[in-house]
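Visitor: So the chains spell out like this:
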Amino acid sequence: MSTFLLLTITGLGLGAMYFLIASGLSLIYGLMGVLNFAHGAFITIGAYATWRFMEAFAGLDPLVVRFLLAAACGVAFGAAFAAIVELVLIRPLYERHIEQVLVTVGLGLAVTALTEAIWTPTQKLFVMPHWLVDTTTIGGARIPNDRWVEISAAAIVLVALLSFLRFTRYGLIVRAGVENRAMVTALGIDVQKAFTLVFTIGGVAAALAGVLSGVYFGSVDPLQGTRLLIFAFIVVVIGGLGSLGGCAVASVAVGLLQQYANYYGSQHGAGSGIGDLSVMLLLAVVLLVRPAGLAGVTATRAG
Amino acid sequence: MRRAAAVAGLAALGFAIAVPWISIGTAGIFSGPLNSPGTLQVLALCLIFGGVAMTYDLLFGFTGLLSFGHALYFAVGVYLVAIATTRWDWAFWQAILFAAAVGLLLPLVLGSISLRVGGIAFAMVTLAFAQAGSILVDSNPHKWTGAEEGVTVAYQKLPTGLVGVLNTKNLYWLALGYVVVVFAVIAWAVASSPGHVMQAIRENERRVEVLGLRPFVYKLGAFVTASFLACCGGMVYVLVIGGATPDVTTANFTLTLLVMVVLGGTGTRWGALIGGIVYTFANQRLPAAASSHAVQSLPGFLRTPLSEPLFVLGVIFILIVFFLPGGIVGLAARTPRRRGLRLLESAAGPATTEGELP
Chain A
1 MSTFLLLTIT
11 GLGLGAMYFL
21 IASGLSLIYG
31 LMGVLNFAHG
41 AFITIGAYAT
51 WRFMEAFAGL
61 DPLVVRFLLA
71 AACGVAFGAA
81 FAAIVELVLI
91 RPLYERHIEQ
101 VLVTVGLGLA
111 VTALTEAIWT
121 PTQKLFVMPH
131 WLVDTTTIGG
141 ARIPNDRWVE
151 ISAAAIVLVA
161 LLSFLRFTRY
171 GLIVRAGVEN
181 RAMVTALGID
191 VQKAFTLVFT
201 IGGVAAALAG
211 VLSGVYFGSV
221 DPLQGTRLLI
231 FAFIVVVIGG
241 LGSLGGCAVA
251 SVAVGLLQQY
261 ANYYGSQHGA
271 GSGIGDLSVM
281 LLLAVVLLVR
291 PAGLAGVTAT
301 RAG
Chain B
304 MRRAAAVAGL
314 AALGFAIAVP
324 WISIGTAGIF
334 SGPLNSPGTL
344 QVLALCLIFG
354 GVAMTYDLLF
364 GFTGLLSFGH
374 ALYFAVGVYL
384 VAIATTRWDW
394 AFWQAILFAA
404 AVGLLLPLVL
414 GSISLRVGGI
424 AFAMVTLAFA
434 QAGSILVDSN
444 PHKWTGAEEG
454 VTVAYQKLPT
464 GLVGVLNTKN
474 LYWLALGYVV
484 VVFAVIAWAV
494 ASSPGHVMQA
504 IRENERRVEV
514 LGLRPFVYKL
524 GAFVTASFLA
534 CCGGMVYVLV
544 IGGATPDVTT
554 ANFTLTLLVM
564 VVLGGTGTRW
574 GALIGGIVYT
584 FANQRLPAAA
594 SSHAVQSLPG
604 FLRTPLSEPL
614 FVLGVIFILI
624 VFFLPGGIVG
634 LAARTPRRRG
644 LRLLESAAGP
654 ATTEGELP
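Residue numbers (this note's numbering), protein chains in the order written: chain A, 1 to 303; chain B, 304 to 661.
A couple of the hints might just be wrong.
To give an idea of the chain B side of the interface with chain A (calculated C-beta under 8 Å), a few residues [claimed, not checked]:
no.	residue
1	Val420
2	Ala424
3	Glu452
4	Val618
In case anyone wonders, no lab produced these hints; they're calculated from the structure.
Every residue, glycine too, gets a C-beta built ideally from N, C-alpha and C.
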């Protein structure tokens, strides 16, 4: 029972990271029709900027303040990078979806390679407050404390995004744009501003996921963003492109399935990749049964 | 115009066949004379990837199918030949036949599943299947795939004409033969009437359905043809390299194929071939260029990015998408009249494709 609890919480922690990445991807796709391959770069930049600022603030005490400050800088860097990418690379290719996807592919490759060139392909250890490395015992299970941080971060982002979409003017524009972009433009509303906004939101969430992935795995390496991105893609497709709710459900399902299959599979003699394989299988099954994903036929409902 | 291109192509082919006999210096473009084994191996790799890029272009450029799982079928050719000869102790020809059979059946099964969805969802399902293959290789079942180390082919199992430094020229000719076959098959497939349907699917799938044709059959045909030819490319590759490594199974490998195709020019007769050759050459030779005196004497902020081939190629790729939408071939064919046409097309393009995305 305690193992099951540990697996569940860990799976939720993993799912939380998937959600942070996938929510941005899903919003960007829903509004702009661009599948953003550069999202992995946002993750990498968030994680590496945090790691770098931890070194830069070396003299700062206590460790918690230093870490929070570095993480804030990391997220800010990711957000700024995402906004610049949208303004400089995506906007000039307005309405040419294939070209936009190709540009993000090139950017993803280039940023990964640049990270390797500057900081070598080896892992960089994440220095973090002791509390995060410690465990809390609940129901006999010793649960690493960082899982709570990941889960609550994802929950906060989910609530914030939903209320942003529901209660603000820009949220209304984004929701309407996902539904029917041409009509919103025809009503004289500048959708382009919403594009930059959505990209920046995606950048914030992805960079946050990058920081948390550093905490979760204890280190960062140049390919970490790409590895997480593949699972986030799967989450987006399972959840239904453009739907935040579907995205949240799918990320929890994928995170849990991966943990359970890895543990119980290896107990029954399956290889180490069984968790990842079952996620691929889940994707194939979902697409065959419901080609538009969990969130229904139109896949245009946000929030 | 067309005849001139054919003559130029035949002349290039004649020269390519003769390369192993031409012993001239390459002035630093390659590491040795034109017919040295090192140069021939680089050229063989260029040719193989030129061929594999053409198979990817059959999907992406001609049929309009954006697949992120093409690496899987290439890897089937690479890994099955390596595993069957080395781990299972099969004869060389049995291994080749087995890999070819799998290379035909696997895309037939996986293609019929993934083609039930279109657009981005298709890209994701193909990605997922390829990722499953990659994970399988990484998990090293029965110690067959060797995980990160890969498999080194037992050279005793290979035909003697394909082993050893002196026989590099035979491997080079094998790679050249592969490219010629791929080129011929794809040129024939594109010109055939199913090929016209494929290109019609790329332009407007719904209209093809309205005409009473079943797009699924043609898409599956393109998928199986492209995947099988990629699998054959994998078999040639494993012979040239002498082993299998897991990087050919990754999603990044498929993305590099996409980069090659766009670099050369999508949906054109020569584009993917030229793109594949140029990309592979750059990828093989950029590290040497990066360690050259000219780059090493640059200040650090310039030297560090330039020493990473993928960074340079990624940036070039972005620039091509922005400033050279037709790729290298598009640059050659850019006459004023055609340019006007393209502007018209790009102005009309989004309006007709709008609403078709899933």
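Visitor: Confirm or reject each hint.
Guide: Hint-by-hint comparison with the structure:
no.: 1; hint: Val420; in the structure: holds (5 Å)
no.: 2; hint: Ala424; in the structure: holds (6 Å)
no.: 3; hint: Glu452; in the structure: violated (16 Å)
no.: 4; hint: Val618; in the structure: holds (6 Å)
The structure is inconsistent with hint 3 alone, although it conforms to all the rest.
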